[in-house]
Amino acid sequence: MSAPRTLYAKIWDDHVVRTGDDGTDLIWIDRHLIHEVTTPQAFEGLRLAGRRVHRPDLTLGVPDHNVPTTDRYLPNPDPASTLQLATLEANCAEFGVELIGIHAAAQGIVHVIGPEQGFTLPGLTLVCGDSHTATHGAFGALAFGIGTSEVEHVFATQTLHLARAKAMRVTVTGTLGFSISAKDVALAVIGQLGTGGGTGHVIEFAGPVIETLSMEGRMTLCNMAIEAGARAGLVAPDAKTFAYVEGRPRAPQGADWDAAVAYWRTLPSDPGAVFDTEIVVDGSAIAPLVTWGTSPEDVVPITGTVPDPAGFADAGKQVAAAKSLAYMGLAPGTRLADVAVENIFIGSCTNSRIEDLRAAAAVAQGRRVAPNIRQALVVPGSGLVKRQAESEGLDRVFIEAGFDWREPGCSMCLGMNPDKVPPGERCASTSNRNFVGRQGPGARTHLLSPAMAAAAAVTGRLTDVRELMA
Amino acid sequence: MQPFHTLTGTAVPFGAENVDTDAIIPARFLKTVTRAGLGAHAFATLREDPANIFDAPQNRGAPILIAGDNFGCGSSREHAPWALADMGFRVVIAPSFADIFAGNAFKNGILLVALPQEQIDRLMEVAADQPLTVDLENQVVTTPYQDRFAFAVDPFRKDCLLNGSDEIALTEALGQDIAAFETRLASARPWVGGAAARVAA
Ligand code: SF4
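In the order they appear, the protein sequences are chains A and B.
My numbering numbers the first residue of the first sequence as 190 and each following residue consecutively.
My numbering numbers the first residue of the second sequence as 551 and each following residue consecutively.
One chain only, chain A, in its complex shape:
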């Protein structure tokens, strides 16, 4: 019997092309997702060196970061983003890479369309020039973000030179309370680990709470593994995973499907597999969480107050907290539930899937967006999510409540397109980063779940969704 192995080790071992003598392995990459922002220079590099894309059949492109979320048949007012989008199209055509174009029904955020298309599968190695590639780990795929030189390397060779990371297991015990979502679990984990807690590790999420999460929820959780500093997040594939994947356009079929499932069943970590680091999070104790600062680890329950920087043990953290509060325009001791917001963003690769929209719509149903809200955007993660939501009447719920129902893309998650939070204004946002200026220069971001964002929209301030839904 060989020694018990972790899920991470099994995927790694099955992808070693060659073991290096310097501590790195040459790792085969099964899937490469590309978008308009981090690929132009990689394609340029190929062109200059006379190289081709080695495995176009493992490469899939989609524009998302720059796309307008309003009518795309109108002229795009930003010439720089127009050029990036056109460049992606031209490069995909030149190098024989399939592109889900800006007007395609399936267009959407790269991390939403991968799973939706069945391009993301358990047991794969999957990369993309974007840090939130960790999302795909929800399927038990080793998925991580890479830089532009690495994008070029994968194009040319379908491999990467990589050093093995350490394995961490985060076990979430208990059962989640009423209205507690995967986003709250993600924020609780980051709050407990800190943004550096996962550094050098690949995190496997396990335990009863993870088993009960839907695939959408697992994606939300793995998406944010990167915010804890981890290289990737993983959830062991199970019956729920297979049910999600089966029948998707690019998923294996027939005999291939049976063989794939048989292989996928061998992937979960063996009993007795040793993790370098073990963390336990009490899932029953998780309340709806919001961030108060400019780092995703700055989380407090909605029932809590803005912390006093003087209360932090380490001096560096005291300085950082004081700076964060100055940027956020918040005073220590303020009740989070008293913080008024002017902007609402329901979207991003963290929370733009059908389940997220259902959770937000359940809160918005029969209510109105508060008068102090200046913009309330609902941006579905993909065209298919959008259509599904429309077939369920969710668009009507949002529109009647006074939300803006948009076309799919990254949108206000990073403000590369016109969807920005104005300077000094606050946004209740379902995205993943509350960094200084992330949603626009001077924008103040509070990260929270889709239901919590909808609750903030209808009251005009950060709100405990449990009070509205009780």
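Keep in mind that the hints were calculated from the coordinates and are not lab data.
Idealized CB from N, CA, C, for every residue including glycine.
Check before you lean on any hint, since a few could be wrong.
Some but not every residue of chain B turned toward chain A, in silico, with C-beta under 8 Å [claimed, not checked]:
{"no.": "1", "residue": "584"}
{"no.": "2", "residue": "712"}
{"no.": "3", "residue": "715"}
{"no.": "4", "residue": "742"}
{"no.": "5", "residue": "744"}
Which stretches of chain A does chain B cover? Using the computed rule of at least three CB atoms under 8 Å from a CB of chain B, they are [to be verified]:
{"no.": "6", "segment": "263-273"}
{"no.": "7", "segment": "441-452"}
The hints should help you fit chain B with the ligand onto chain A, whose structure is shown.
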């Protein structure tokens, strides 16, 4: 990448410490689609001052940059080495470099030379009116005044720079291993291939 052996040329005695990648190339220039042309925007904020060191006539197109401690800190943007290379720099000499920047600079054929502060001070002084020579083979920086400062360099990176072999070329040299893996993959996990349509190129 272009091979690097020995280079003699003007060094810009910049000397600033903790220069972050946003100072090297501000975020507003990241919506570009080429590596070329970024040099025009390199150090954009600094170069708003017409008397800046980079636009001084004697420094235009200089191949060597001398900087202070912790050069290239901040965001991991690969646009920073692209901008430096586009300005004409092939060597940066500083007491230390940020990690990610160092990796990105190497991938783009820029040699980073770390030397102690007092040697940097001496080079800054000489660079004001004399060229420097950087000899990678012998791992030494020299001046016309017989200064000889030895530097360390990772053997793998040295090899790549000397031979002008980029990482992709090195991996391509392992093409047989990759082909063998692909054959194994096609029989062991046949569902992996063919996920995306092959588009006529
Ligand atoms: S939605 Fe935000 S985090 Fe996700 S890929 Fe787009 S920009 Fe990145």
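These are the hints, each one checked on the structure:
no.: 1; hint: 584; verdict: holds (6 Å)
no.: 2; hint: 712; verdict: violated (18 Å)
no.: 3; hint: 715; verdict: violated (12 Å)
no.: 4; hint: 742; verdict: holds (5 Å)
no.: 5; hint: 744; verdict: holds (5 Å)
no.: 6; hint: 263-273; verdict: holds (count 4)
no.: 7; hint: 441-452; verdict: holds (count 6)
When the structure is compared with the earlier hints, violations turn up for hints 2, 3 and for no others.
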